[in-house]
Each structure stands twice: as C-alpha cells, then as structure tokens.
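2 protein chains.
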Amino acid sequence: MTRSLIVAGCQTGPIQRADGRAQTLDRLIALLEIAAARGAQFAVFPELALTTFFPRWLIENTQELDTFYERAMPNPNCQRLFDRARELRVGFYLGYAELTGEGKRFNTAITVGPDGAILGKYRKVHLPGSLEPRPGNHYQQLEKRYFEYGDGGFQAFRGAAEWGAPIMGMLICNDRRWPEAWRCYALQGMELMVLGYNSAAYDPNGGEAENLEIRTFHSILSAQANAYFNATFAVAVAKAGVEDGAGLIGGSVIVDPNGIILAQAKTLDDEIIIAECDFEKCLQGRGPGKIFDFGFHRRPQHYGRIVEQVGAEPIP
Amino acid sequence: MTRSLIVAGCQTGPIQRADGRAQTLDRLIALLEIAAARGAQFAVFPELALTTFFPRWLIENTQELDTFYERAMPNPNCQRLFDRARELRVGFYLGYAELTGEGKRFNTAITVGPDGAILGKYRKVHLPGSLEPRPGNHYQQLEKRYFEYGDGGFQAFRGAAEWGAPIMGMLICNDRRWPEAWRCYALQGMELMVLGYNSAAYDPNGGEAENLEIRTFHSILSAQANAYFNATFAVAVAKAGVEDGAGLIGGSVIVDPNGIILAQAKTLDDEIIIAECDFEKCLQGRGPGKIFDFGFHRRPQHYGRIVEQVGAEPIP
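As given, the protein sequences belong to chains A and B, one line each in that order.
Just so you know, our numbering puts 265 at position 272 of the first sequence, and the rest follows in order with no gaps.
Just so you know, our numbering puts 148 at position 155 of the second sequence, and the rest follows in order with no gaps.
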C-alpha cells in the first residue's frame, strides 16, 4: 500500500497589529479552502499565525501582552478554523502563543488531524532573541522575555491513518537551524517534519552581511540539509513581508528526503505551495545499509560533548 | 591583529591503480607549488590521496592489501612532499590509509604545519560501506572491512601561528554528512574545518535517484549547512573523475561561516581552488547573543537521544 500525503504550505503575508482576529482567521480559512480544492490533505501555517510577531516590541503592560496569547486551543477566537478544516477533512499545523492555566507562556504549535483532533503539540525549545531590549534597536526580538523554553522536548507522533500514518515531528522557526532537534525526531523514525517561522529580513546589528537574500538562503539551506541528513520530508512555512514596519523573509519550501525542493513560495504574501510526500522515499536514505541507516553507521560514543556542554569551550 | 589564512583546496583527478607512488607524489607536489605561487599558506588534499580508492575491490591477499597503507607518516614514499612543503612554508592536510605497529588499520588524515610538523591527526569515525561484498555489485564499498572505526573522536587543534592560530577540525568524506561530528568540533571553538573525500558518483543500488549531479549537490549541501550551523569556515576537497573505471564526484568547495561558497572546483581533474579565511568572520554567527552563541541558546537537556540511542527506534 502506498503511504503518501498531499501537503500544502500555507505561507501568509504580514498580519498587522491593527488586523482583527476575525480578519486573520478569514485569511487562514481562505488558504485552507484553496489548499483543499487543490487536493491537499494537510495544511501548514506559520509560527504565531494568529497575530503580528509581537516580540518585536517591549510591551510592559501585562493586560496588553495577554491579548496576543491563547488560553485554550481551540477557543472561540479560532473555532471556525477547526470547524472548516474538519468539514474539508484537511488537517493543519498552527503556531500560536500559549498561556497556560498556571500562567506559563510558550511559543507553541499543534498538528490537528482531519477529524479536528489534536495529534501533537510542541513548545519551542530554541528561543532566539534576548530577555532585555537591546538599546538603540527600533525593533526588538524578545522571545526570551515573553516565552519560557519549551518543556516537552522533541516528541514524535503519528499522523492520521488516511495520510499514511507518517511519523511526524514539529519545530518552530529558529529550531530549524539546530541539527540536534531534527536528529532527536529522526531517532524516533520521523518521516515528515513540519515547522512555521517568522524570521526577520535583517539583523539590526548584523550590518550588510545580514539581509533578506542571505537570511532566505539560510532558511532554505536549513530545511534542505536537515531533511537530507535525516532522510525525511520537511515543510517550512513563513509569515512573510513587511509587518508593522518590520521585514520578514518568505522562502517557504517543501523538501524531499534527498534535500531537493519540491515546491517553493515566490512571493512575500499569502501563497500556497503544494507537493505529494511518498513516505517510501525516506527509505532511499535510511533503508538497511544505506548512508543514513543510523544503527549501522552512528558512533554515539564520540558525541558526548553534544549533551555534556552547553556553550563552546575553545581549546587553549 | 587580523587573523586570516589563505587556503587552497587541491582537488585531484583520479589516481589509477597502475599509477606509481612517485607519479602520484609528483602530482601532489605540483599542486602544492601552484597553490604556493598563488599565495596559499595551507593546501588541502583529498582522502586517501596517495592511492586509488582501493575499498572498491575485495582484496583477500593481505600482502597485496598492505601495499595501500602507510606504516609511518612521513615515510620514504612521501618524504618529498613534506620536504617541499617545508621549503615553501605551506602546510597541508593529507588523507591516507594507516597501518599501525599493532596491525590496526585506519582511514586517517593529518594536518601538517608550515614547518613540517604534524599539528593534528584524525581517524575516520563514520565508515561507510559494508564488511562483506554486496553480491552483484561490480564495485564495492568495503571501508568497514579494511578499516577500524576511528578511536580518537573529534579533537580540535590549533593551526600555525602564522595562519592566525585558528582552532581547526578534521573530518574524512562520509563524516561530513553527520552534524554530530561538526558540532563536537564547534563545541571546542572550531573556526576552520578541513576534509577530503572520495565519493562515488552513483550508488549501484540507488537507481536513478543517485547520480553525479545529486551526489555533488549532497556533498556541497553538507559543507554549506554544517559551516553555517557552526559558524565556521570549511574546506572540502575531492578526489574526482573516473578512477579504475569507477566514477567519483568533484565539487570541492571553500565555504564561509555564512554557508556561502567562496570557491568551487569546475572540473573532475587536478584543480586548485583558493580563498582567504578571515577568522573574525566567525563572530558574526557565534558572537555574544548571536544566533549560534551556543551557550546562550542550546538546550542539551533535550538532546539525550543523540547519545543514548544508536539507531532509529520508530514510535509505535
């Protein structure tokens, strides 16, 4: 039996702070409907897909800050998305800011099955940015201030039976640059990685070496290489364009286990990319005796530093 | 003070089994002299640079097998290379088959300083291929038969003072596809990775999905992505072309810490690529608070599987 899934990357353009939740949800539902009409069974939305990327500002008023978080999922603000997806029998990945009953805040993503049930939940482990505002920067990156580090690690899960029940992993944005995260999922047999991102198109402290072109290159390179190293399909989806005055890269891609791009977004706006993932193709890289047959080739006795050290310790 | 090094990748074309050691050494010395004349201070040669890639054959006669190995380094067979390099004050990376006094066999590389002293030695950890010949394959990949797994792990070392004393790492061929190996060096502060390879241009069992183009893409992707993830320069150098009837990829590259290719070989023959590595550029990626400031961002408490598991253990 063929095990395959038609997946859509639903890139969005910017979501301005002034946009209402209802308007944003309308856009996500419109993308979902188009993806479904094109045959997609699963739609991947960006990180923090329901709001603007609020960590770019120092927000000291907690009540104001709270407006960006979801206290439950689903909730009345986004129930329509769940309902429409279930009607269409299309699952989805959605990133959002989570505020738990205990008052903990996480940068979170869920994967929802075609029946509307939550199949997996992930809390971002590799929070970029800083705890305190960086002096002189007009736009900040305060994820370390507004979120706690994800506490659940990297737990693979099974996609829906009608998708071929692929073993799946989720990451969020900056996580995709950390090979450790991909490997932890691949060691659980991951066949499909899904992730959303909001990545600044420039670094205010990076000078000319950091621009839209280089940062898009880095994003795509990370998806291609980690898909190849782990013999997995990967879908990486941007919130793109100029959002509240700050530029975000696009470059959403669907990548096969050879690291080859199957589909790539061309715009910085709402745009759907679509491809079929035949999970048997993972075996070309990971099958018995192949290059990425981990059990045959890995040598963990030499990898100790990866868990024994946090930072670099330069030799004398 | 600027800390920089002009490095040459000295790709070689095929070294046929019928070629004598003296003839092969002449070629390496010729490349070294051209590199030096172009200003290079350090030359990177391929894996197993003194002979044909003998693991493609089943060689059951030990005396015959032994002719491919070096019992000391340097030794009379390659002393001329060391002498000429010292005269030119050019260091080099050289891959060779090592046979120790205890009869152990390793796929080994050394880095030699401008004064002819060996600065570092590395024994390949990720041996590809198989222990037994694969039935029906005209060409084999018997590295697991002819070599023991490298026993020294990944030990960074300092390059020469006149190179800016960069922290260096070495890998060999298939190692470059394993992010664990790069990370272990980067956690020691690596600024320059050097590696040589002999990579088959096709997989006899891979079908149309494995060809020269895809395999060259994989090789370059591995160098670019791992250089970027670790904010390091990287030099990856091929033995290329049709060697004793079997095709080897080229695609030698010098890559900067942004993952951008500074120089790339165009042929499948003896060819020199050259670039300057300014090691201060590593700080753009790894400086305090930057994306790859490991101490600021890594979360090893979630990476346990990387050392606790060898093979993939698919979830139910």
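No lab work stands behind these hints, which were simulated from the structure alone.
C-beta atoms are modelled at their ideal positions from N, C-alpha and C, and glycine is treated no differently.
Careful: at least some of the hints might be erroneous.
What the hints assert, rightly or not - DSBU-like cross-link-like pairs, simulated, lysine-lysine; straight-line CA separation at most 35 Å: (1) Lys274(B) / Lys274(A); (2) Lys283(B) / Lys137(A); (3) Lys97(B) / Lys274(B); (4) Lys114(B) / Lys114(A); (5) Lys259(B) / Lys114(A); (6) Lys137(A) / Lys274(B); (7) Lys259(A) / Lys114(B).
As the list claims (entries may be wrong) - Some chain B residues well away from chain A (every beta-carbon gap over 12 Å; in silico): (8) Asp59; (9) Arg64; (10) Asn70; (11) Leu214; (12) His295.
Okay, the hints, checked on the actual structure:
Distance check on the hinted pair: lysine 274(B) and lysine 274(A) sit about 38 Å apart at the alpha-carbon level, beyond 35 Å; violated. In summary, the hint linking lysine 283(B) to lysine 137(A) is supported, as the alpha carbons are separated by about 13 Å, within the 35 Å threshold. Pair hint lysine 97(B) plus lysine 274(B) does not hold up; C-alpha atoms about 40 Å apart against a cutoff of 35 Å. Among the hinted pairs, lysine 114(B) with lysine 114(A) is inconsistent with the structure: their alpha-carbon atoms are about 45 Å apart, more than 35 Å.
Taking the CA atoms of lysine 259(B) and lysine 114(A), the gap is near 46 Å; set against the 35 Å cutoff, the hint is violated. Only pairs whose Cα atoms come within 35 Å are accepted, and lysine 137(A) paired with lysine 274(B) is accepted, the gap being roughly 26 Å. Between lysine 259(A) and lysine 114(B) the alpha-carbon distance is near 46 Å, which puts this suggested pair outside the 35 Å criterion. Separation of aspartate 59(B) from chain A is adequate, the least Cβ-Cβ distance of about 26 Å exceeding the 12 Å criterion.
Distance check on arginine 64(B): its Cβ is at least 26 Å (rounded) from any Cβ of chain A, clearing the 12 Å threshold; non-interface status holds. Residue placement check: asparagine 70(B) keeps its beta carbon more than 12 Å from all beta carbons of chain A (closest about 30 Å). Some Cβ of chain A comes within 12 Å of the Cβ of leucine 214(B); the nearest lies about 5 Å off, and the non-interface call is violated. For histidine 295(B), the requirement that its beta carbon stay farther than 12 Å from each beta carbon of chain A is not met, with the minimum near 4 Å.
Of the numbered hints stated above, those contradicted by the structure are hints 1, 3, 4, 5, 7, 11 and 12, listed in ascending order.
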